[in-house]
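Number of protein chains: 2
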Amino acid sequence: MSTIQIIGLKGLPIVKEGDNLAKLICEATEKQGTPIRNGDIIVVTHVVVSRAEGKIVNLDEVKPSEFAKKIAEPYGKDPALVEVVLRESKSIVRMGYGKLITETKHGFVCANSGVDISNVPGERVVALLPEDPDASAQKIREEIRRLTGCDVAVIISDTHGRPLREGEINIAIGVAGLKPIRDRRGEKDLFGYVLRVKQTAIADELASAAELVIGQADEGVPAAIIRGYQYPKSENAKATELVRPKEKDLFR
Amino acid sequence: MSTIQIIGLKGLPIVKEGDNLAKLICEATEKQGTPIRNGDIIVVTHVVVSRAEGKIVNLDEVKPSEFAKKIAEPYGKDPALVEVVLRESKSIVRMGYGKLITETKHGFVCANSGVDISNVPGERVVALLPEDPDASAQKIREEIRRLTGCDVAVIISDTHGRPLREGEINIAIGVAGLKPIRDRRGEKDLFGYVLRVKQTAIADELASAAELVIGQADEGVPAAIIRGYQYPKSENAKATELVRPKEKDLFR
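Protein chains in written order, with this note's numbering: chain A, 1 to 252; chain B, 1 to 252.
The set of hints was computed from the structure by calculation and includes no laboratory data.
Check before you lean on any hint, since a few could be wrong.
For identical chains, the list gives no copy identity; a pair is met inside one copy or between any two copies.
Cross-link-like lysine-lysine pairs, in silico, DSS-like; alpha carbons within 30 angstroms at most [claimed, not checked]:
#	residue 1	residue 2
1	K233	K23
2	K16	K198
3	K248	K31
4	K198	K63
5	K77	K31
6	K198	K10
7	K69	K198
8	K248	K90
9	K70	K198
10	K31	K233
11	K248	K77
Note that the coordinates shown come from a computational prediction; the quantities given were computed from them, not determined experimentally.
Pulled out of the complex, with its shape left as it was, chain A reads as follows (with noise of 0.2 angstroms):
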């Protein structure tokens, strides 16, 4: 039998810039009594991540450009909020239906270029994305393995909307320690056929997964440790491994 453990974390405080996140994890894991294991997986909501580097702007000192204002007015948008977008963007790749579809510095295709006004204290501030969220990643991981002696992957996660279905799930926006795509080709299945299905986007379904007690909880649970899971191990991975190169895509 093959059991896999999804353990949300509480009892993380309202994290702050400059807070050594890797600390305030291991502290909370100890409080809850599931201590941190070889082999776990971390997954972090990238919010968390973006408050501890300091990636918050307060749209009170944002002024928006003439472009952002035009197209904020039909969207009943934020021109302020707009111009973050804009700024944190290196392409609109779709508009319409009160949507803003960006390609990110990064490379990753998101509503608002992932920026969150959604679990930031103060009225008119927001989190963008992490500069690096695979650097981010691998500094948390580092610090775990400093502090604990453990040897983890991180995930750091963020919720996106996708093309073709409703509804929004989790998926990896920064990984370190794991590859985010298990390679199957050449595997046999139950019959001893070649598999079909040749490339799994596991990091993405460890983010879906950590959701489930993310954002199922009353309180804050703003990162999760998944457990028992054998993941390929790598210590160069990117998360942008994941995301389909604009020229090979049928939908871009």
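Start from chain A and add chain B according to the hints.
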């Protein structure tokens, strides 16, 4: 502390047409010492459901149309397989890069109308999607209730690629007993703000979570139990609630 368990289901025999899948699942859970409990979510990969329902096609008995032959050739595909894909589709959504993305008669948009050449015994045999995956899920759910007295939710999962992102994930194509989307509009977050993220595709996240035990096993694990997740109940949910209508989709 909130913890969710994902328990892989081993020891399920090779399913054949007419088998009582619910009964086989209950027996397998008993045998491995994880009997079904109230509130469990049972995730079953569609191939075993299709097999139990006889949704199997022998490609040797399929006469490909001229159109199927014409589009099979540049793709290096079996014309009989393409013929089955076309028969199972309502329309072709995209063609290119050796891929055939169709809308199935149920309304799902996926590669090859969900026709599966893996995990089916017999070299030239393929599995179609179940005729009505919600009804299949409901049937399994009711039979589990009859056999065990437990009220569970059932998800029938399939492996899908997706626009924008590399790698495949598992998603829900049939549901029974739970709402596929958790509606969080009006809920407040950690700081008391009304959540920007409004609707979470929990059935897809649960299917992805289940894939973690289904996909990593050396032996066949065609089903999983997810335990400890408080899902929103429903007696008339449909997995097609997860399909974005074409006219509202910026990427179609």
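Comparing the hints with the structure gives:
In this assembly of identical chains, the alpha carbons of K233 and K23 lie at most 30 angstroms apart only when taken from the same copy (23 angstroms versus 38 angstroms across copies). Taking the closest pair of Cα atoms, K16 and K198 come within 30 angstroms of each other only across two copies (25 angstroms); inside a single copy the shortest separation is 41 angstroms, beyond that limit. When the C-alpha separation of K248 and K31 is checked against a cutoff of 30 angstroms, the pair qualifies neither within a copy, at 47 angstroms, nor between copies, at 46 angstroms. Taking CA atoms no more than 30 angstroms apart as the test, K198 paired with K63 passes between copies only; the shortest distance there is 28 angstroms, against 47 angstroms inside one copy.
Proximity of K77 to K31 under the C-alpha cut-off of 30 angstroms is found in neither arrangement, the shortest distances being 41 angstroms within a copy and 56 angstroms between copies. For a Cα distance limit of 30 angstroms, the shortest separation of K198 from K10 across copies, 22 angstroms, qualifies, whereas the shortest one inside one copy, 36 angstroms, does not. In the homo-oligomer, the alpha carbons of K69 and K198 lie at most 30 angstroms apart only across protomers (25 angstroms), although the nearest pairing inside one protomer, at 45 angstroms, exceeds that limit. For a Cα distance limit of 30 angstroms, the shortest separation of K248 from K90 qualifies both inside one copy, at 19 angstroms, and across copies, at 24 angstroms.
Taking CA atoms no more than 30 angstroms apart as the test, K70 paired with K198 passes between copies only; the shortest distance there is 26 angstroms, against 45 angstroms inside one copy. Taking identical chains as interchangeable, the C-alpha atoms of K31 and K233 lie at most 30 angstroms apart only when both belong to the same chain, with a minimum of 28 angstroms there against 33 angstroms between chains. Taking the shortest Cα distances, K248 and K77 sit within 30 angstroms of each other only across copies (19 angstroms), while inside one copy they are farther apart (33 angstroms).
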